[in-house]
Amino acid sequence: MNAFPWLSLLTALPVVGAGVVLVAGARSDRAARFLSVGFAVGALCIALLLWHGFDVNVGGMQLVEQHAWVPALHIQYHLGIDGLGLSMLLLSAIVTLISLGASWKIEDRVPLYFALILLVEACLFGAFTALNFIHWFTFWELCLIPAFFLIKIWGGPRRTPAATQFLVYTMAGSVAMLLSFLAMYLAANTFEFEELATIAQSGRLLPSLAASSSWMHLTPEHLGLVIFAGVFLGFAVKVPVIPFHTWLPDTYAEAPTGTTILLTGAMSKMGLYGFLRILVPIFAPQMQSVLTPLLWMAVATVVLGSLSAMAQTDLKRIFAYSSINHLGYCLLGIFAAVRYAGSDAQLLTQRAAALSGTMLQMFNHGITAATIFWFVAILETRSGGARELSDFGGLRRNAPVLAGMMGIALFSSLGLPGLNGFISEFLIFKGAFPLATWATALCTIGLLITAVFILNVIQRVFSGPLQERHSNFLDLSGKEQMLLAPAIALMFLLGLDPQILLSHLNATVLQLTNTIKF
Amino acid sequence: MTPLNLFLLLSALLFSIGLAGALTRRNAILVLIGIELMLNAANINLIAFWRFGPNPEALTGVMFAIFSISVAAAEAAVGLAIILAVYRHNKTTNLNQIDTLKG
Amino acid sequence: MSWIVHNLWLVAALPFAAGGVISVMKQRQRTLAAGLAVGSMALSFVLALMAFVQVLTSHGEATRQFSNFAWFQFGAEWVRLGWLLDPLTAVMLVMVTFVGLLIFIYSIGYMAEDENFKRFFCFLALFAGAMLGVLIANNLLLLFMCWEIVGLTSYLLIGFWYEKPSAAAAAKKAFIVTRIGDLGLFLGMAWLYAQTGTLLFYDAGRGCLEANALTTLAMHTTVFGLTLSSAIGILIFCGSAGKSGQVPLHVWLPDAMEGPTPVSALIHAATMVAAGVFLLARVYPLLSAGVTHGMTTTVALQVVTWVGAITALFGALVAVAQWDIKRILAYSTMSQLGYMMIGLGTGGVSVGMFHLITHAFFKALLFLGAGSVIHGCHGEQDIRFMGGLRKAMPVTFAAYSCGMLALCGVPLFSGFWSKDEILHSAFVWNLSRGPFYIGAIGALLTAFYMTRQMIYVYAGTTRLAAESTHGEHGHSGAHESPKVMTVPLLILAVPAVVLGFFGTPVWPWFQSFLEGDTANVSFGALGGAFPLMIVSSLIVFVGLGLGWLLYGRKLIVDVGALDRIESAQPGLFHLLSGAFYINELYAATVVRFTLVAASVSAWLDRWIFGGVVRAISTIFVLFAKVDSFADTHVVNRGFDAGCGSVSYGGSFLSKLQAGKVQRYLKFVGVALFVAVALLFWGGKA
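Sequence lines, in order, name chains G, U and Y.
Each residue of the first sequence is one higher than the one before, starting from 1 at the first, in my numbering.
Each residue of the second sequence is one higher than the one before, starting from 519 at the first, in my numbering.
Each residue of the third sequence is one higher than the one before, starting from 622 at the first, in my numbering.
Mixed in with the good hints, there may be bad ones.
As the list claims (entries may be wrong) - Cβ-Cβ distance ranges computed for the label pairs, FRET-style: (1) Y:GLY1303 x U:ASN608: 36 to 44 Å; (2) Y:VAL1211 x G:PRO486: 37 to 45 Å; (3) Y:VAL1256 x G:PRO486: 54 to 62 Å; (4) Y:THR1239 x G:VAL175: 14 to 22 Å; (5) G:HIS217 x Y:THR1253: 36 to 44 Å; (6) U:ALA599 x G:ARG109: 55 to 63 Å; (7) Y:GLY1290 x U:ALA599: 22 to 30 Å.
Please keep in mind that the hints were generated in silico from the structure rather than gathered at the bench.
Yeah, the Cβ is synthetic: ideal placement off N, Cα and C, and Gly gets one too.
Please build the complete structure, drawing on both the sequences and the hints.
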């Protein structure tokens, strides 16, 4: 299956889909909905096919497609996936389907909405497969545009400032990153991620940077830090890392829930993907030299994220902050992994645990957060747009199945063993504890506060006496149960047999752990 | 006075008459006639310079004149056609009244 | 390896499977749900018996068998799980499946009128599966996973009557408080994993509870001069303390009585809360690692002992001043768990475990008896409104009395032997007599508060009909419970009485079974233990006598009458009935702190992080404003002027374009003239 350009096909499919949906959907909204789901299922099938054909023993890139694009600037059309990219492709495909499912009730300009969702999917695919900076950056930025319109047109009452903040904030981070990469291009004369990583790991990047852009008479080390800071900013905003997160709660809360699902389930992973694909291989020494502030940021992301979630009363804002909190664990894993250089067996094991946990957590959080927001969308439609905790109460009486299924998703987010969230968090803590003991210990506060606010949600929404106005609240229909069941089943599956995912990630993890030498 | 000068005088006279006609007449057809006169003055010059030039064997002057006459004929045909069209449109051939191309 | 070791997972998997199947069944399939749950439990009981026999018939090394398998991979390593069959597991399996089975059957009667009957059995079966998983796990990770699921089911069952806000709050509290302890366990687990590279307990010499790992752990010291093994042990003990309701993480246990009574009996008396003690017994090699190196005990064990002692006293004191029949038992459970901790800390696994097993039977009996009483009194839980039930509920009374006598430690009842053993080991503990004295006072109080409860509930005449303000009851007068409830009571009463004889000083069968030896009958051992036995019997009888003196001599008739202690020492009584106001203290400190932290964090978000962003964007907007000002007033004006002159020039030039053909011709003529003139004169110059 190597000769066939599967990855290009995968990226192109949703684009074609978007066009078809726009054209064919002009006549009937129903057609637009079903067509978009059809294309998304097609993409998922291709992703599964890739999953099936993936060689789990290879740590490097597979299914590589490489063509000259702008030879004068060494820009290439360069695609390939490793375990990380593959898992992200699969996640994007699944999350898109969940997003479509949760958007089913959208009534306004249906074809456009669904076409935009498919475009976001295409950009995600593009970004997760590209191996050349310019190629990758194109998708990274393109992704913002359909997302911006999704928020701006279908969002809540404060959608305009939210959409603008989202776009401008992310763009500002991207600009910093672009400048850094241009500086590196001047030094290394390449935009290829792998080549840059090789150069950086051999220690040649800093001297050539100093030679090519001896700016403000900085020492090579400081120059390296400045360049690193630019790239870091781009990713930190996207993840987001506290304190670069303020765009997120507003955006998640104002976006239509289907879009929030895409944002939290897949787009937030682009930032972490960048951390693993770009920052760790290229900038490990720089990360290590500023590790203490980085670890504090991770702790802040975990702890403040969960505390802020506790202080919210709007369901979407609660889970927006919860997203920040959960991705904070990934940051902890990544930062702990670059804490110590060297390659003795003990260290490699801890690092592998932290990085495996991080990658697993990215996938798990995507599934869980997307599913939870789907449930929020269901609550929202049934209660006529209510999202405040005080709007609900005692729903379990009328909707036991909804309470049960949403409960499973919430407990998965809480990290209950047997469901997917636990293993990834365990691996991160297991790996990070010996590497960054105090930061890890502090992060357990986040685990506790997460439990507090999640149980609070369950208590306020499902327990207690039933409110009068919800006396006609409907339980999930059979069809809805059928649609939600696969997501729930996936949580159990990954919780009970994480090897399914880890087998595909492992070779990549091993390779990544070995690159942190400097 | 060489014969060439006489020819040149004749042509200058003819040109002047043509120019005066073209500038003063109000009737478009008469302006056209004036222009034809100027053209013919030029033709006379061409023939004269050829005949008394350094190389009268080559028939260059005649060729030029013949071209010029045929171009003039075509031009006259087009000019008259335009004038006819203008007349049909404006019901006049008085150039003072035809100023629709004013800037 | 025998069949049962290979398939030990079935013990836990059967109830799990039953729970899973029940969860997708219809609400009205009540008989099927109960049948599945009880059936799976019965099968598990059979398997547990087989496992027990297997251990019983093997000797030496063979008493500990395990079966490990690979689960998942990270980097070059595999995480391996497994299950383990050793005497500890076997004893616990039999106890849990037996008590569980009886409580399942009892629940059929108790929950008969509840509309969520099916859900109850689903949760109960899940609980049983997870609990059995804790017991058979040969890996701390697997144990932790089951441990957390146990916590979940406990949460679900406490909040079973979810429409009661107090039940929902109690459930949340239980989960969160135990999770605080679990985080310690979680960190301890991560640390242990990092240090030993495995979480398997036993793995043919490579496990974390085996000599290799333990010697390294006991040799290295870490923060506060603790040995690694002690530090990890204390972290693991945090988890135990949370689950077993030890001070200061005990606050959830009394509130957990909001759940249906069979749940209180099964989870919050017999099994789950004892899982904390079981966990310590399981990792006892770790806790005691290093003892052989000249030290007599370890810091971890001291912590366990003292926390247990404080809890034992605390629970007993508070139980004296409670009115709710289940809350008395809950505080009593707390106190007894403290005893187990003392036993474990001072005397080792067998001492703590023996009390765990006997306690499981008699406390389950007491709770089920209390459930029967509540059932008979139409839901009334306040002992002030009971009374005279001895005649109304003779079977329950008989069974309850057995449980009560066992709990008090009246000689020859099971509790006597096990508690006496704990007191004995605390007495000979060479560090301090403190735990012994505390334990003795606790024993006295236990006898006292149980007497008080018995007299309130069973003696005299009923006060049930007398109350008219307290809720409405369809029919007055108490009645005996149905057979499905009383038969399990009677069955449980048997071990509550006789179980102690398996662990007497004369014939310490239980202790030697746990240690893998064979027990010998030796009357000589009695001599050493005899004086202490006399003392502890005296203590018990003093407690019983005090109780009778205060409550039995003159029976309570009036519902509104003050407690005898309350009338004598109101301040003390209120302090005790308020459980030393620990809840209020937490509400004022920890809870408030968290809430404040949350609002501070939200405030930070809004004003600091958001503020910086807003400030930056305001600066940009200001720039834009300045820019637009410059545009309108400077740049635009210049452009306007420029454009004006251009257009003026255009209009001037356009006047030349008059449309007069002959004027154009004139220009041509003049131009021609000028050109000729230039050629004529200019050309020569």
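Subject >> Unsatisfied constraints (hint numbers, rising) >> reply: Checked against the structure, no hint fails, so every one of them is satisfied.
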